[in-house]
Each structure stands twice: as C-alpha cells, then as structure tokens.
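Chemist: Protein chains in written order, with the numbering used here: chain A, -18 to 213; chain B, 1341 to 1607.
Source of the hints: derived by calculation from the structure; they are not laboratory data.
Built from N, CA and C at the ideal position, the CB exists for glycine as well.
Heads up, some of the hints might be wrong.
Unchecked claim - Derived pair list, reagent style DSSO-like, types lysine-lysine, alpha-carbon separation capped at 30 Å: (1) B:Lys1374 / A:Lys111; (2) A:Lys21 / A:Lys158; (3) B:Lys1606 / A:Lys110; (4) B:Lys1374 / A:Lys194; (5) A:Lys(-1) / B:Lys1606; (6) A:Lys95 / B:Lys1368; (7) A:Lys77 / B:Lys1368; (8) A:Lys150 / A:Lys(-1); (9) B:Lys1606 / A:Lys111; (10) B:Lys1374 / A:Lys110; (11) A:Lys22 / A:Lys194; (12) B:Lys1374 / A:Lys92; (13) A:Lys95 / A:Lys56; (14) A:Lys56 / A:Lys166; (15) A:Lys155 / A:Lys56; (16) A:Lys22 / A:Lys166; (17) B:Lys1606 / A:Lys56; (18) A:Lys56 / A:Lys92; (19) B:Lys1605 / A:Lys56; (20) A:Lys(-1) / B:Lys1547; (21) A:Lys95 / B:Lys1374; (22) B:Lys1606 / A:Lys194; (23) B:Lys1374 / A:Lys77; (24) B:Lys1606 / A:Lys92; (25) A:Lys(-1) / A:Lys194.
To be verified - Listed next, the stretches of chain B that the computed footprint assigns to chain A, with coverage defined by at least 3 CB atoms under 8 Å from CB atoms of chain A: (26) 1379 to 1391; (27) 1434 to 1447; (28) 1461 to 1468; (29) 1597 to 1607.
Said to hold, decoys possible - Calculated from the model, a selection of chain B residues having no Cβ within reach of chain A, i.e. all distances over 10 Å: (30) Ile1352; (31) Tyr1533; (32) Thr1540; (33) Glu1542; (34) Thr1586.
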Amino acid sequence: MSRDFDLVALERVSFSYKNKIRGSNLSSHLTLDNISFTLKKGESLGIIGRNGSGKSTLAKLVAGIFEPDTGSVTKRGLIAPLIELGAGFEYELSAKENLYLYGLLIGLDYKLLKQCEHVIFEFAELSEKKNMPLRFFSSGMVARLGFSIATVLDPEILLIDEILSVGDKEFAAKSRKRIEQLIAKGSCTILVSHDFDAIRTLTERCIWIENGKIVEFGDSRSVTNNYMLNIL
Amino acid sequence: MGRYDGRMVSSISRHDFPSRRLLSHVLKKEMIGKFQRHLFGSIWIFLNPLLTSIVMITAFYGIFGVKRASLIDYSIYVLTGVVLVQFINASLINVSMSVYSARGLYSKIKIPKFTFPIAQQMLQQVNLLIGLLYVFLLVTFSGNYTIRVPDLVLSILSVTVFTGGLGLVFLVVNSYFPDFATILPIGLQAVMYLTPVFYTEEIWPEKVKHILALNPLLYFVRAFRYAIAKESTQAANFTVILVSSTLVLFFGLLLVSSNWNRVMKKL
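Please work from the sequences and hints to get the whole structure.
Modeler: Written out as structure tokens, the structure is:
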C-alpha cells in the first residue's frame, strides 16, 4: 500500500437526525454540515468540540453506522470501533464466549480470533478469568477485554470516542501505548476527546466542530489552544 | 431530484446478512438473555399454547364443536390454530422490534443489518416446535390422524418466510409511525378472531365470506391443518403460499435495506 493511499475520506458530508422533508430547507437542523477530510496511512486526527456539537455522530458516520445524507464516506481496511467498549457483551456468558461474540460482531474473522485468543487475554490481563461469566467482572475489566479484542488484529483504522482511560492507571497507560504502537505501525486514527493532552500527543491535526460545522482545522496544538482561548 | 435523495435506494448485499458463526453466537446470547435470567419465561413458553388452547376448548367446545366433532378432534383443531397463530403474532412483533431491542448494539457497532431480525425469527421457531410437540402428542393419542411430514415442513417454512418478511415491513413502518408498535398487538388480536382458530369457516355468513378470505393467516392455518388432517379433504396449495411468502420476504428485505438509514436515525 502506498503512503499516499487514503484510508478514510469524507467528502462534503452532511447529516441530520431529522428525516428530510422534500424541498424544505433543513440546514438549521443539520447535525453535520459539509465536513470533509482525508486520512492516509499513519495519520491521526483529533476531533474536539462541545457536547452536542456532532463529534460522536461524525465518529458513527466513519464507523458506518449511519450513511451521510449527502456527500460520501469512503474507508479502506479493518476498522476498530472503540466507541463504547463492551457494547454487545452478554454478561451471563463467559469472558471467552464474549470474546467470540464481540469479535464476530465487529467483523473479525473467526479463525483469526481463535488464533489470537491467548494474546487477547494476555493483553487484557484476564487469562485466569476467561471461563468466568462476565457479570463477575468490574467495568474496568470489561473495558480491558473490549479494548484487547478490538485492537488485536492491527486494524488499519482506529476510531476512538472518549475511551482513552480504559481500566485502571496501569492499563490506561498500556492501552495508550498500544494505540501509539498501532499509529507507528501505520494505522490511521480518529480520536474524539475532551482530553486535550491526549489530542496533542496522539494526533497531528485536529478538527474543532461547533453546531456541526468545522470552526477550525489544522495543527492539533494551535487548534486546541484557540479552542481554549475561545471558551475562556 | 432533491438534494437529499442521493442514497434512498440501496440494494441488498451479502454483508447485510450475518455469518453462520455470528448468528449462532447471537442466538446463544439471546437465548441466555431470555431464558436463563427468567425462570418463569422458560416455563411460560411451554405453558402458553397449552393454557390458551385449554381455555378456548372449554369455552367454545359446546358452541362450535359439539355438533360434529369429538372432544379430541376439536382439541386438535383448536391447538393447531392456536400454535400457528401464536407463532405468527410473536414472530411479527419480535421481528418488527428486533433492531430497536438491540439498539444498544446497532447504534454503537456496525453489524450486519439482518442479524437480529433473523435471530429473533429463529428464536420464535423454538416456540413453534414446542407447540408442535403438543400437537404430536394429541395426534398420537387420538390415533386416526396422519401427519404428512413434507406438507408440515412446507407449511412451517412458508409461514416462517411470510412472517419474517412482513415483520421486516413492520420494522420499517415502525420507523415512520412509532405508534404502530403499540397498535400492532391489538390489530393482531383482531386478525386472530377473524381467523378460524376455535370455529370453522362454515359459520361465516355468505356475505362476508369473500372479505374474510382476504386474511392471509387463513391460508397458513388451512395448510397447517391440512398437513395433520384426518383425510385430505382440501388440498392446500403450497406453491401459492410459498411463492407469495417469498415475495413478501423479498419486499421486506428491500424495504429495510432502502430505509436503513431512517431506521438507524430513529433508534
């Protein structure tokens, strides 16, 4: 794959949760209004903005949960949706069964999952508990398992929505390291966060959105600085 | 064409369907959620067809059955009707609500569209099989019935295809009219009374007969009973039922595919 290959490309994407009324002007209801960006291999993008500005909707469009009303979203490669870890887990089932359930749900191949089972539990530090029902797990342990499954296969696209602080301090550091490692390996990353420190260290470029529109798009350090100045 | 019309029509693709492995894991999850946590829920699926039938038999045997049928014949008649109609109701309601019930998943991860509708429909099959078990018991006890296995399989297949398809249509209707989900059980109740479950078609007045014959449930109940009938009095036309069910299914699949974004926005 050449370095110039776009892994994610959004072109003039607009989206509204309200369904269209033919001919009416809905621009005031747009959750996202005319958003464009591209991400190549190894590139990373931060998305910041206030609650309700459209950040998570943007992440869901990239994940393919929604289709844009106008414009296009194109993606290439395996996507790791770190949107809500543990969505899809069944707490009565064992951790091992949940590994396959969740892995298959996010689109991973069964054979590969089987090969990686050991690695996943090792990374999540849950090897001894793999036959235990998930309802005995703490929320941190559940998140650790989810993170390990989603990132085990070196996904090309990492989509992170506010889940950087996975588990306890030790595991948060470990997961952060894993993300940095994946970026170094060439995964492209989209990071939705209010943690500007993470945005500055993990991403090169950053989008600031307000009411679904891009306010500023540029170098992460300067965009976060301008955002801080704006809200003070 | 308006500005927003670009993506109204999307076709059905292989990726909209779950792999067999994914389906089996989702089924396991749903089964556990349904039965393991609710002891009474699992007892109830065994009791429901039986109790409903017993109530109907006690209430209506004197009115509708006594003239021609023995108690056991009437019981088989009612039970076959109840089992099938209960399956149709449960399947339509559960398939039409399947995506909404799993919204925690659909709104967080991109999963094949039809994963939960298919899983729900397969779960309803369990109820149908339990009901059939009672029918088999009664039929064996009675002795003078023949179960035509191919006919039985065909009628179960066609009713599954039909309710699956119609359930998908209702799933989309729900996204346009949220109140539809509340009205559906009431409507289904009405349709049940218009279907010969505990009475026979002969009691229908001549005048309304052709209107009542528009009820699709009638043909499934007929086919189902025909497969276990004492003698082959009426040949159920399985080809017609199967073809029309398949058409309904394709219509449902297409409708869900082309309205998927709307369905997701309404979760």
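Chemist: Taking the hints in turn, state whether each one holds.
Modeler: These are the hints, each one checked on the structure:
Proposed proximity of Lys1374 of chain B and Lys111 of chain A is supported: the alpha carbons are some 23 Å apart, at most 30 Å. A distance of roughly 21 Å separates the Cα atoms of Lys21 of chain A and Lys158 of chain A; the hinted pair therefore holds under the 30 Å criterion. Using a Cα cut-off of 30 Å, the hinted pair Lys1606 of chain B and Lys110 of chain A is violated, with the two alpha carbons roughly 38 Å apart. Proximity of Lys1374 of chain B to Lys194 of chain A is assessed by CA-CA distance (about 44 Å); at most 30 Å being required, the pair is judged violated.
In summary, the hint linking Lys(-1) of chain A to Lys1606 of chain B is supported, as the alpha carbons are separated by about 9 Å, within the 30 Å threshold. For the hint pairing Lys95 of chain A with Lys1368 of chain B, the CA-to-CA distance comes to about 18 Å; that is within 30 Å, so the pair holds. With a C-alpha separation of about 13 Å, the suggested pair Lys77 of chain A and Lys1368 of chain B falls inside the 30 Å cut-off, and the hint holds. With a CA separation close to 40 Å, the supplied pair Lys150 of chain A and Lys(-1) of chain A exceeds the 30 Å bound.
Taken as a hint, the Lys1606 of chain B and Lys111 of chain A pair is broken in the structure, with Cα atoms around 37 Å apart against an allowance of 30 Å. Distance check on the hinted pair: Lys1374 of chain B and Lys110 of chain A sit about 25 Å apart at the alpha-carbon level, within 30 Å; holds. Only pairs whose Cα atoms come within 30 Å are accepted, and Lys22 of chain A paired with Lys194 of chain A is accepted, the gap being roughly 25 Å. For the given pair, Lys1374 of chain B sits about 29 Å from Lys92 of chain A by alpha-carbon distance, which is consistent with the 30 Å threshold.
For the given pair, Lys95 of chain A sits about 26 Å from Lys56 of chain A by alpha-carbon distance, which is consistent with the 30 Å threshold. Distance restraint check for Lys56 of chain A and Lys166 of chain A: the Cα-Cα separation of roughly 18 Å lies within the 30 Å cut-off, and the hinted pair is therefore satisfied. Proposed proximity of Lys155 of chain A and Lys56 of chain A is supported: the alpha carbons are some 27 Å apart, at most 30 Å. Pair hint Lys22 of chain A plus Lys166 of chain A holds up; C-alpha atoms about 9 Å apart against a cutoff of 30 Å.
Distance hint between Lys1606 of chain B and Lys56 of chain A is fulfilled; the C-alpha atoms sit about 25 Å from each other, no more than 30 Å. For a cut-off of 30 Å, the pair hint linking Lys56 of chain A to Lys92 of chain A stands: about 24 Å separates their Cα positions. A hinted pair counts as satisfied when its Cα atoms are at most 30 Å apart, and Lys1605 of chain B with Lys56 of chain A qualifies at roughly 21 Å. This hinted pair does not check out: Lys(-1) of chain A and Lys1547 of chain B have alpha carbons roughly 47 Å apart, beyond 30 Å.
A C-alpha spacing of about 27 Å is found between Lys95 of chain A and Lys1374 of chain B, which places the hinted pair at or below 30 Å, so the restraint holds. Simply put, Lys1606 of chain B and Lys194 of chain A have alpha-carbon atoms about 23 Å apart, close enough for the 30 Å limit, and the pair holds. At most 30 Å may separate the alpha-carbon atoms for a hinted pair to count; Lys1374 of chain B and Lys77 of chain A meet this at roughly 20 Å. Proximity of Lys1606 of chain B to Lys92 of chain A is assessed by CA-CA distance (about 35 Å); at most 30 Å being required, the pair is judged violated.
At roughly 17 Å between alpha-carbon atoms, Lys(-1) of chain A and Lys194 of chain A fall within 30 Å of each other, so this suggested pair holds. Counting residues of the stretch 1379 to 1391 of chain B whose CB falls under 8 Å from any CB of chain A gives 0; the rule of at least 3 is not met. With a threshold of 8 Å between beta carbons, the proposed coverage of the stretch 1434 to 1447 of chain B by chain A holds, since 4 of its residues qualify and at least three are required. Counting residues of the stretch 1461 to 1468 of chain B whose beta carbon lies closer than 8 Å to any beta carbon of chain A gives 0, which falls short of the minimum of three for the stated coverage.
For the stretch 1597 to 1607 of chain B, the stated coverage by chain A holds: 5 residues have a C-beta nearer than 8 Å to a C-beta of that chain, and at least 3 were required. The beta carbon of Ile1352 of chain B sits about 15 Å from the closest Cβ of chain A, which is more than 10 Å, so the claim that it is off the interface holds. For Tyr1533 of chain B, the condition that its CB be more than 10 Å from all CB atoms of chain A holds, with the nearest at approximately 36 Å. With a closest Cβ-Cβ approach of about 46 Å to chain A, Thr1540 of chain B is found to remain outside the 10 Å limit, as its non-interface label requires.
Against chain A, the non-interface label of Glu1542 of chain B holds: every CB pair exceeds 10 Å, the least being about 48 Å. Under the 10 Å C-beta cut-off, the non-interface status given to Thr1586 of chain B relative to chain A holds; the minimum distance is some 28 Å.
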